[in-house]
Structures are given as C-alpha cells and as structure tokens.
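Make a model of the complete structure from these sequences and hints.
Each protein sequence line maps, in turn, to chains A and B.
For the first sequence, this note's numbering gives the first residue as 1, with consecutive numbering after it.
For the second sequence, this note's numbering gives the first residue as 1, with consecutive numbering after it.
Mixed in with the good hints there might be a few duds.
Facing chain B, according to a computed beta carbon distance under 10 angstroms, are these residues of chain A, among others [what the hints assert, rightly or not]:
1. Arg50
2. Glu54
3. Ala76
4. Phe84
5. Tyr86
6. Pro87
7. Val88
8. Ile90
9. Tyr97
10. Leu99
11. Leu115
12. Ala117
13. Gly145
14. Leu162
15. Gln246
Which residues of chain A face chain B? A few of them, derived with a C-beta cut under 10 angstroms, are [to be verified]:
16. Ala48
17. Ser51
18. Ala52
19. Ser69
20. Pro72
21. Leu74
22. Arg75
23. Glu89
24. Val93
25. Phe98
26. Val103
27. Ala105
28. Ser141
29. Asn143
30. Ser147
31. Gly149
Label-pair ranges, simulated between beta-carbon atoms [claimed, not checked]:
32. A:Gly175 x B:Gly164: 49 to 59 angstroms
33. A:Leu123 x B:Asp81: 32 to 42 angstroms
34. A:Val55 x B:Thr211: 17 to 27 angstroms
Note that these hints are calculated values from the structure, not bench results.
For clarity, every value in this text was computed on a predicted model and none was experimentally measured.
Yeah, the Cβ is synthetic: ideal placement off N, Cα and C, and Gly gets one too.
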Amino acid sequence: MLQINNLHVSIDKKEILQGLNLTVHAGEVHAVMGPNGSGKSTLANVLAGRSAYEVMQGEVLFEGRDLLSMPPELRAREGIFLAFQYPVEIPGVSNSYFLKAAVNAIRTHRGLEELDAMDFLALIKEKGNLLDMDQALLNRSVNEGFSGGEKKRNEILQMAMLEPKLAILDETDSGLDIDAMQIVAKGVNALRRKDRAMIVITHYQRLLHFVVPDHVHVLSEGRIVKSGDRELALELEAKGYGWIEQEVAGTPQPPLAATLQ
Amino acid sequence: MDAAVDTYLSTFAELEQAAASRGPTWVHGIRTQAIARFAELGFPSTRLEDWRYTNVTPITKVRFLPARADHRNGLSADWLDQATLGGLAGSRLVLVDGQFRPELSSLEVLPCGVHVSSLAAAIETDGDFIEARLARFARDDESGFLALNTAFLEDGAFLRIPPGTVVERPIHVVYVSTAPGDPTVSHPRTLIVAEDGCQATILESYVSLGTGTHLTNAVTELVAGPSAVVEHIKLALQAESVFHVATLSVYQERASNVVLHSFSLSNGLVRNDVTVVLDGEGSECTLNGLFVGNGHAHVDNHTTIDHVKPRCSSQELYKGILGGKSSGVFNGRIRVRPNAQKTSARQTNKNLLLSPGAQINTKPQLEISADDVKCYHGSTIGQLDADALFYLRARGIDKDAARALLTQAFASEMMDRLRCEPLRRRFEALVLTRLPARADTEESP
Chain A
1 MLQINNLHVS
11 IDKKEILQGL
21 NLTVHAGEVH
31 AVMGPNGSGK
41 STLANVLAGR
51 SAYEVMQGEV
61 LFEGRDLLSM
71 PPELRAREGI
81 FLAFQYPVEI
91 PGVSNSYFLK
101 AAVNAIRTHR
111 GLEELDAMDF
121 LALIKEKGNL
131 LDMDQALLNR
141 SVNEGFSGGE
151 KKRNEILQMA
161 MLEPKLAILD
171 ETDSGLDIDA
181 MQIVAKGVNA
191 LRRKDRAMIV
201 ITHYQRLLHF
211 VVPDHVHVLS
221 EGRIVKSGDR
231 ELALELEAKG
241 YGWIEQEVAG
251 TPQPPLAATL
261 Q
Chain B
1 MDAAVDTYLS
11 TFAELEQAAA
21 SRGPTWVHGI
31 RTQAIARFAE
41 LGFPSTRLED
51 WRYTNVTPIT
61 KVRFLPARAD
71 HRNGLSADWL
81 DQATLGGLAG
91 SRLVLVDGQF
101 RPELSSLEVL
111 PCGVHVSSLA
121 AAIETDGDFI
131 EARLARFARD
141 DESGFLALNT
151 AFLEDGAFLR
161 IPPGTVVERP
171 IHVVYVSTAP
181 GDPTVSHPRT
191 LIVAEDGCQA
201 TILESYVSLG
211 TGTHLTNAVT
221 ELVAGPSAVV
231 EHIKLALQAE
241 SVFHVATLSV
251 YQERASNVVL
261 HSFSLSNGLV
271 RNDVTVVLDG
281 EGSECTLNGL
291 FVGNGHAHVD
301 NHTTIDHVKP
311 RCSSQELYKG
321 ILGGKSSGVF
331 NGRIRVRPNA
341 QKTSARQTNK
351 NLLLSPGAQI
361 NTKPQLEISA
371 DDVKCYHGST
381 IGQLDADALF
391 YLRARGIDKD
401 AARALLTQAF
411 ASEMMDRLRC
421 EPLRRRFEAL
431 VLTRLPARAD
441 TEESP
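Following this line, the structure appears as structure tokens:
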C-alpha cells in the first residue's frame, strides 16, 4: 500500500529525514518510535502533504502512485489520514459542518452520493458513540476550547467518519491520561481492518499496550535504524533509546533490515 | 475642489429660488446655516488627519445632479427583496432617490404609537417634535459632508418609538439610489428617536439599481432616551460605481443600551463616520463592524465614542476582510472626559488581508482625561492561518473551499452578534456572497 524509498526531507534547510525506507501493507499496523528530534513528526507531515517540508530526494508510492506530487486534499481523498499531534482550533467553523464538508468531499471523489443532513447525523451519532463523544462538541467550533483528550478523540472520530485506507497517528497518545488513552485506543482498534493500514507514531510504548502493532521501527537521525515486532517496543520501554543510538554509532552502514517486506 | 463646492452652492441657490415646496421656515433656517458652514469647510483634503487615507477627488471631480425620483425605473417589491435581505417580516419604509415610495413600503404591522414615516411627511405633521431634534445631534465635523447633507435636507426617514414600547420585529428603512443617465447625488436623512425604556431593532439598507455613477451622502441621527434598548444595523450594499459617505450620530441618555452594527459590503468608495456620545450615566454602547473589500474597493471607518458621563461602557469590534487591490481604514477614537470616571472602553480591530495587493490602515486614538478608567485597544492584521488551512485540506477539503471556509469563519463572529435572530441568518447568507472570491485573490507568500 505504501512504499517509501530513500526519503530525504528538509525543513528550513535542515535535513531531518536522511534516507528513510519503509513499506507498509494493507491490514498492517506499524509503530514508528524514536527519541525527540528523530524525524517522527516530519514523516507524518510529509505523508500528509504539509508544504513547509521540502523533499530533497527519494519517492513515496501510495498504491503504486506518486504520493508526493498530490496536494494534501487529494491525498486525503485517495485515503490517507493524519491524526494530528496538535489538532488545530478553527474558531467560527462548527465541528459538524467541517466534518460534513470533509465526508462529502471524500465521498464525491469516490463516486458516492453526498450525504444529506439526516444520513450525516445518523452516521456521526454512530461513530461518536464508539468514542464516547459528547454530542455537544459537534456544534462547537472545531477543537476550540476542547480539552487535550477531546481533541484527540475528535481526530479519531474524523478518522472513523472518513474511512481512510492508511491512517497515520502522530503522537495521538501524548498528553492523554490513561482513561482517555483507553477510549482512543478502543476507537483505533475498532477501525483496524484487513484493507486498512496504520502507522502509529509514538515516543512512548504506552499506547502500544492497547494498540498492538505488527511491526515496530525505531527512527534515529532521520533513518529507520532497527525494526522488529512488538517485543522491540517492550525492550525500548525497559532500556530507553540510548542503546540503539550506541549500536547505530558502532555500525558503519544502516541495517538493511530497515526495509520491511 | 473649489469648483465642486461652487457647483453645490449654485444648485442650492437655484433650489432656494424655487422655494415654495421646501417646507417650513425652521427647516429653511437650518439649511441656510448648513450651506454657509459647507461653503466654509468645502470638501476634506487628505491633509486633514481624519481624511489622510481617503481621497475624495473622485467625488469632487464629478458633476452630480440632484437625484429626482423616476417612477418608470421598474423597481418592484420583489427586486427590493432580492437587492436587500430577502422578504423580512416587519415594517419597511422605502425611499428611492430621496423620495418616499408608499407602494413599495409596508407599515401596517407596527405597534400602537410607533411612528415610522418619511421625514418630509413628519415635518408637516410633527413639526415641533422634529424641530427640537433634527440636526441637533449630528456632530459638526471638519469634512463638509454633514453640512452638505443638512443643506440639501429634503426627505428621509423619521422613526419614533414611544416610551416603554417594545417593537419586536425589525423596522427596515431602505434607501435605493438609481442613476440611469447623468451622475446623481442624494442626501438621505434619518432621525430615530427611541424614547424612555423602549426597545427596537432598526435596519438601514443602502442599495442601488443599475451601475450609474452616484453619490449617497447620508446622515442618521439616533437619540436613545433613558433606559432605551436599541439595536441599529446599517448595511451598505451599493454598486461599485456608487460613492457612499455616511454619518451616524448617536446620542445616549442615562442607562440606555445601544448596539450598532455596520456591514459595509459595497465595492466602491465607502466612508463611514460613526459618533456615539454617552451623555447619561450608566449608558452602554457596542459597535460592531464588518467591512469587506473586493476589486478596487475602498472602505474607511472612522468611529468616535465620547464618554461624557461616569460609569458608561463601550465595546467595539471591527473586522475587515480585504481582497484584490482593495484598501481599508479603521480609525477608532475614544474620548474620556474629565468627569467620566469608572469608564470602561474596549476596542478591537482585526483585519484579514487575502491578497498581496490589499491594504489596511488601522489606528486607535485614545484621549483620556479621567484617572479611574479601564481602556483597552488592540488591532491585528493577518492572513489566513496556514495551519488551519492545512488541517482542512488534510481532510479532503480543497484549497479554495478551505480558504472560503476560513474567511467565512472570520466574518461569522460579526453575524453572531446580531441580536435579532432572523436578521442573523439573512446576513450570514448575504455576507457569504460578498466575500472575496478566489478569482481575484492571489496566493499569499
């Protein structure tokens, strides 16, 4: 579904991703972990199409097509979804209006009829229940005055509404207490499907207790330096990131295993 | 510019000669005084601080003829509905090129004692009442436009809400300008007297038929008696070829509460001068303004809030949305007189520039002569929030739609502030149609 080959990305002339390779198949959940500054959020934002990031080299194929040439809205319509680390507050735009516009933009792209107000309400009610969303939040401005947990739940609600093929969760666990995290994890798990892939980006492996990944990658200095299964996440929890960095420093070549098949 | 002044002076002299139909002596008196004042002031030059950013040469170089009502211009109630805010429940007073048009007006549903009529008719029937108020509240200024309006005062609207009366539905005054041939000028005049403890919503709309060159030089005086609660909405929605210069003078007595909304949605030259005098203890005023510029529009808002008595509060929020090569001005003056202790005044101006060619000049002007006051002012100028834009696009909403949605969101706060709910919905729909389109909005760097 997603193939990233030798990706180099800069922001403000500083190279953040330095030859990243990653392959993700339908139905898989990949966790990308790494210390601060390793390039995790850059990866998420580049995939979603934020323009501040400059791709210097490499390619990203989504279902065999060149993802990097698509504007952000086309990526979303083709099935890429980014759950933002910091969801943006948009005063004056109601959450339900925004969601309806998004759902219908994507449905139109997929050749489906637009949802009318009734169908939309029914759908949002169904998906909202999944996340214990207070219905009142739907009538408020997008994310405005939402608590941290409400914002993250709102992201997962959007994901549920938009039914992406590939969901990228950028530190969705950050700032959540354990109750909020469990609700978010429950929502994410309910959305796991054979034809849907997920990339879960996280600093801590806490979330991975609840959303169990098929593959775990460690990102360091803009490259995937180690890949494994969920045991790797547990090892990171026990030992921190230091040992990996030492291991990498002692290895002249980045491990070939970084490209996962 | 002097030539332009002379033209108005000679037109005035001609009208005076054919004086028979020009009303009672006292009206003649205020006109004569006003023309003398106009002769003295002339038109404002950009050397005047208050006119620094608005050059009136495009107005002074045109020879405008007094607008004369033409009953063949095909105006209908349907057209009016379309040109304003759609059919609104409530009463409507329509003046076309300065003349009252009863067949387009509907004044049947007013509560007992509420007077809504053309000013000319009211001068006949309620002369003493009007004489005591007309031209007494509009503040003399340096521009000459106010004096010019008074000098050519003929017709307009007169509203009187008697003590304790609550008028639930908005009273709509519509001024229509037409200029089918040569450029024309009209000087609409409105007097609103809201007496003790009454409550009313008044909407003044300025629209135009066709695309002829026209100057609307409007003056409205609003007197809010003790404890009166008034919501006043002014809508400028004329063609690009219309110059719109308007003065709104509000005088507030003890514990009155006035909310003013100004929607400037014309794409020609618009100048609004709003003055509020808080001359009664404990009175409150709120000034809301939304101005939208497309193409080569120029919208200039000058407001003055004069805190004369203690314990008054004022709140002001003006928002500008400018696209294309349009320009905007906001000048907010707050005066606190020595005696006006415990004044609270809050002023905010926020501007959204949607294209590199758009510009705004914004200036607060605080003159505080009391020592126990709370005054705040702030202004911002910005572009659409790049993070919000990306967020919307990352959900599949295309760039143009995302920009439109964020622009609309910026404006929506001003519609939310309308107390009158049916009006709020009408304004939401109307403003949407006037926001700068993608077509004339270049990408911001």
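Consistency of the hints with the structure:
1. Arg50: Nearest chain B Cβ about 6 angstroms off; hint holds.
2. Glu54: violated, 15 angstroms
3. Ala76: Status holds, d = 4 angstroms.
4. Phe84: holds, 7 angstroms
5. Tyr86: Interface hint status for A:Tyr86: holds (8 angstroms vs cutoff 10 angstroms).
6. Pro87: Where the cut-off is 10 angstroms and the nearest Cβ of chain B is about 7 angstroms from A:Pro87, the hint holds.
7. Val88: It holds, given that the least Cβ distance between A:Val88 and chain B is near 4 angstroms, below 10 angstroms.
8. Ile90: For A:Ile90, the interface hint holds, since the closest Cβ of chain B sits about 5 angstroms away, which is under 10 angstroms.
9. Tyr97: At 8 angstroms from the nearest chain B Cβ, A:Tyr97 passes the 10 angstroms test, so the hint holds.
10. Leu99: Hint holds; A:Leu99 Cβ to chain B Cβ min 8 angstroms, cut 10 angstroms.
11. Leu115: violated, 13 angstroms
12. Ala117: violated, 16 angstroms
13. Gly145: Hint on A:Gly145: violated, closest Cβ of chain B at ~15 angstroms, above 10 angstroms.
14. Leu162: holds, 7 angstroms
15. Gln246: This hint is violated: A:Gln246 lies away from chain B, its Cβ roughly 37 angstroms from the closest one there, beyond 10 angstroms.
16. Ala48: holds, 5 angstroms
17. Ser51: holds, 8 angstroms
18. Ala52: For A:Ala52, the interface hint holds, since the closest Cβ of chain B sits about 8 angstroms away, which is under 10 angstroms.
19. Ser69: violated, 15 angstroms
20. Pro72: holds, 4 angstroms
21. Leu74: Result: holds, 8 angstroms to nearest chain B Cβ.
22. Arg75: holds, 8 angstroms
23. Glu89: Holds, about 8 angstroms.
24. Val93: Hint holds; A:Val93 Cβ to chain B Cβ min 5 angstroms, cut 10 angstroms.
25. Phe98: holds, 7 angstroms
26. Val103: holds, 8 angstroms
27. Ala105: OK, holds: A:Ala105 within 10 angstroms of chain B, min 4 angstroms.
28. Ser141: For A:Ser141, the interface hint holds, since the closest Cβ of chain B sits about 8 angstroms away, which is under 10 angstroms.
29. Asn143: holds, 9 angstroms
30. Ser147: violated, 18 angstroms
31. Gly149: With Cβ-Cβ at 19 angstroms, over 10 angstroms, it is violated.
32. A:Gly175 x B:Gly164: 49 to 59 angstroms: holds, 55 angstroms
33. A:Leu123 x B:Asp81: 32 to 42 angstroms: With a Cβ separation near 37 angstroms, A:Leu123 and B:Asp81 satisfy 32 to 42 angstroms, so the hint holds.
34. A:Val55 x B:Thr211: 17 to 27 angstroms: violated, 50 angstroms
In summary, the numbered hints that this structure violates are 2, 11, 12, 13, 15, 19, 30, 31, 34.
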